[in-house]
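Chemist: Residues per chain, in single letters:
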Amino acid sequence: MTESSGGPEVAPDCAREPADPAWPDPWSRPAGPPDGGGAASPAPPVAPPTAAGPHGEPAAGPPAGPPVGHPGGTPPTVPGAAGPWATPPAEIAGITPAGPPGAEPRQRLHPLSPMLHGAKSLVVVIAGLSWSTLSRVGFGWFVAMVVVLALGATVLAVVSWWNTGYHIVGRELRIHEGLLWRRTRAIPLERLQAVEVVRPLLAQLTGLAELRLEVVGGGKTEAPLAYLGVGDAAALRQRLLSVAGRAPAHQPGAAVVPGGPGPRPEATGRPLHAVRNADLLVSQLLTPQAFLLPLGVVFVVAQFLSEGSWSFIAVASTLTAMAGVLLQPVRRVLDDWNFRLAREDDSLRVRNGLLETRVQTVPLDRVQTVGVTWPLLWRVKGWLRLRLEVAGYSTGEPDDRNRPDRLLPVGDLPTGVRIVAEVLPGVRLTGLPLAPPPARARWLRPLSVRVLGAGLDERVFAVRSGLLTRRLVIVPYARIQSVRVVQGPVQRRLRLATVHADTASGGGAVAHHRDLAEAWVLAAELTARSHAARRTG
Amino acid sequence: MNGPEPAQPPVSALEPWPDTVRWQPISRDLIWVELLRLATGLAVLLVGLGVGWALSGHRLVGVAFGVVLLLGLWRAVAIVRAVHAWGYAERENDLLVRHGLLVRRLSIVPYSRMQFVDVSAGPLERAFGLATVQLHTAAAASDARVPGLRPAEASRLRDRLTALGEDRAEGL
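First to last, the protein sequences are chains A and B.
Residue numbers for the first sequence follow full-length UniProt numbering, beginning at 1 and rising by one.
Residue numbers for the second sequence follow full-length UniProt numbering, beginning at 1 and rising by one.
No wet-lab data here; the hints were simulated from the structure.
Worth double-checking, as some hints may not be accurate.
As the list claims (entries may be wrong) - Partial pick of chain A residues on the chain B-facing surface, computed with a CB cut under 8 Å:
id : residue
1  : A391
2  : S482
3  : V483
4  : R484
5  : V485
6  : V486
7  : G488
8  : A523
9  : T527
10 : S530
The beta-carbon is built from N, C-alpha and C at its ideal position, and this holds for glycine as well.
Bound conformation, chain B alone (with noise of 0.2 Å):
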């Protein structure tokens, strides 16, 4: 899902540079956990405002059901799209991560600039075998996460990262 809407102008907003930069995509299964995470915060608001409205009978606790489930479904839609749209390249002395449908992020990170990687994997994550690299600057505001890739994946990224900042070290 590469430029969604064909009438973008020749440069794609989320494709600088094309002919240098091979992006990789993450794992579709982080559809599945994302779908999961939102399955069960939905079922637990569902759940709730279906007793009240059994209980209550008020026609606006309806309502609310009927948004909730609605809000759910397209959010449901978003992730499907949104993990399409996630990407990351590595390149000679950066690493590009895109992501985000609505706003759309594209960070630039040099690898000298990088203080130290995180690699993580919650319990859902790992029930899929997924796990999530996120490169941490000096900068609060750098947002380099790279979520939904495969263990043997991320530690080669992880490795390759650290290696590549060692080589390239520099303060601040």
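For reference, chain A alone in the conformation it holds in the complex (with noise of 0.2 Å):
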């Protein structure tokens, strides 16, 4: 915040406010002394609305002339602020320009939090180091390496963690990030769709929570705040969202998952669904990984067997492989343990999870469609699995787990008939008119043409596909983005072609190869019911 050049810039500095009693946070910088005399005003807790424009900004703000850098990297530090706390160097090099006056100083991270990922970066070392180094370098060098490579993670993240700050100034949350390359964001609250916190099991040992902020058009999860003190996420939280204009429903902290046996609350609102745990474990036995793998275990016993060698780095391997591909229903498993649907006002509460608790709330009017599928081998049961699909969410994550996605883990038809009509009031999810594409659509889908469909409802456009594991996508009139028909080349002689409706987040609703009038038709009609569905609400 400090220009080097100690000239005007400084009084932005003095004018730092005091640490906020209802924001007890040891680890933030302290305000340094004020030594420019009596040009500071008291600020208030919150950086008030005449203190920044929209964009936080006041036009004095940029400072006057090039920033001084100091290539040397020894920040001159305001005289007494000084110590553990300094103004760290990101603030010197002008990447970051002095705050408007009243806003309030950079937070740091909990100091556990280099500790947590180096830890988590010592899973990574291990696995990336594999069992054939260990059996080639012997078990005392494996340990050395180890030791090394977590050490350094962890040097590394405790630089990152002394570089990375946050504050609020005006309407927007800055997270300042990076050492070489500096990295200022700013994230305007007015765009912030969801703010979870978000507890992994080494943070529920150590008390202490990740904060994840959830933007519209955000390519991903922007800015996992990662880790602060349970408290304090939680009051962050709180904080954000109010400033964003959207006071949360709840009591404070209903969405603060405490860790430990301890009590739980319990999710608030109408129960509507529990999934029992053990009909979780056997719905992911009926998987295929599950399902093969004695098959791999005896294939890989007779292997031994008739080789004659049980060496422990093949074994070690062995079980590696076998964890690997175990890795997705132990997880699924983990994720979905004790899941709770809950109904409350607009909103839905799902909670779940055995190691990593969350609890999500998705809002009804921003589901964009409803996915239900039915697994092969779980027809045996006669099960199916609910997904939504909610807009704002980033789509773009390879790891799924955070997206509030889950509607239903495990079910039967009932309870998902049920659930679907509590998520799409009106919608029978065994009432939907389906009909099938022309039987010349053989030519292009041999086996699945019998199971394709697509229907018109009263309020929902439906489509059917799979022939192994059967899908059925619900999208709401209301919710369809775009129409789009193509057609492709072999479709134009069998005079079929392909109805896409287009929704904020997955893929919509695709109906594939209708007969060509039949096509128009649904295309005028889903653009018809859709804008009539935006009319009415």
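Each chain sits in its own coordinate frame; assemble them with the hints.
Modeler: Structure (structure tokens):
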């Protein structure tokens, strides 16, 4: 915040507010002593709207003249502000222009977070070195390598922690990062969709939490603040939501999940459904991975017996490979353990997870599509799975565990019908009018032509596809963003066309291989009905 | 070039609702822009292959040269036809864009779903006095892109889309 020249730019620094008592944060930088004289006016705890425009920068904000860099990297601290919490060099290099007077000081993340990042990297390091390295270099060297790499990662994490800070300026949350490539991200809080408090296992053990911000249009989850103290995370969430003008409907801290076996706050609202953990286990045993595992084990054991060699490395590698195969079902079991679904006013509350408990609130008016899946092996039991697509949540993330897309990890048909009727009022899962494509579509889809179907219901568009894993996608007309008709060369010969109904997230609904005339009718109907649905709300 | 195949059924692939929709063509100058673009790419490739052929004298390189040339010519013909096939229509509540020859696409984008409008013009397009208007919705899959518009028409379309979008704005 302070320009190194010590000129007029010192003023904002001394105008820094004292630490907010409601915001007890021992690791925030203490305010520098008021060395600028009486220029400072006491600032209210929250940056007042008068201090900053919508973009947080007053007209006089940018520092005059080019910022004087300090190649040596020694921050010329304001006298008295030295010490362990001195101004980090990031502020000196002029990357982050001086905040407006009254902006709150930058806060650091919890001092334990580098340790947690280091511990996380330990797993990566061991996985990266792999068993073959262990066999080649011996146990002692292996441990030494692991320790060195993990220490290196921890040091990097400490450096990054040192240079990471956040604060709220006006109606923006600013996050400063990086030592060499400095980056300041300003997240306009108007665009904030949701703030989630997530507690991975390690964080649960240390009493920390991670804050995730979901922003409209963001390609991925913006700015995970990892890690904060649980109380701080809850308070910051509350504050961000209030600045965003969206006071949470529920009491503060409801989204914070206490770790450990202590009494958990039950998801408020009217409970809709609770998945039995036994069903969840059986359902994940009925996946191809779990089903084929015994065969793999038999194969490997037979090979070992015929080879006659039982080296430790071979066994360890086999076990690792099996763990890799089983990872997805095991993860699903861990993620969906104790799955509870409740309805609260106009939103759904989903609570799930064994190691990492999460509570997600899904506003019903943001549901874009509902997907129903019947995996092949589950049909024995008559089970199905329900998923949601919600607008505003990231689609580009490979790790889809953070998206609120679970509606029902496993359940029978009546349950599915009930939940679908709850999410999309007036929709009967069993009564959807699905019409098959014309018989000549078999030239394009010889096997799955019998499964394909599309239909216009009163309020939703529904399509079905998938031979082995059957899928049904339901899109409310009001959520259709655009309609497309696509016709490939073979389809042209057969007078077929494919109709897409695009939604804000997920793939939307695709009606494959409809008769050309029907496709045009579908497109016209979808357009007209989505228009009408939006008119009426 | 509407419906190049006379054997089309009563409803043509690219022209639904013929009585209510008036299709606007895009500027033919786009053909030159696209051809120049193709020619530059092709020239680099052909020079590389030609030099390789001259140096190595290998027959395969010569064959590759010929294949690239043929593909380039075919692509040039495709460009001409594709630009003729591209069209857009403004209806009361939505914008229709059609394009594509091999795979034909028609997009119907309601004005109320518009998030923002892009008007862009690259150096080559600017030299021919053209611009591209693209309509963005919250769905990544929507493709409503109209290239080859005169700047006046582009800004008219942009202003109209923006006005209509604000008029009927709705969120997700």
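Chemist: So, against the hints stated earlier in the document, which numbers end up violated here?
Modeler: none
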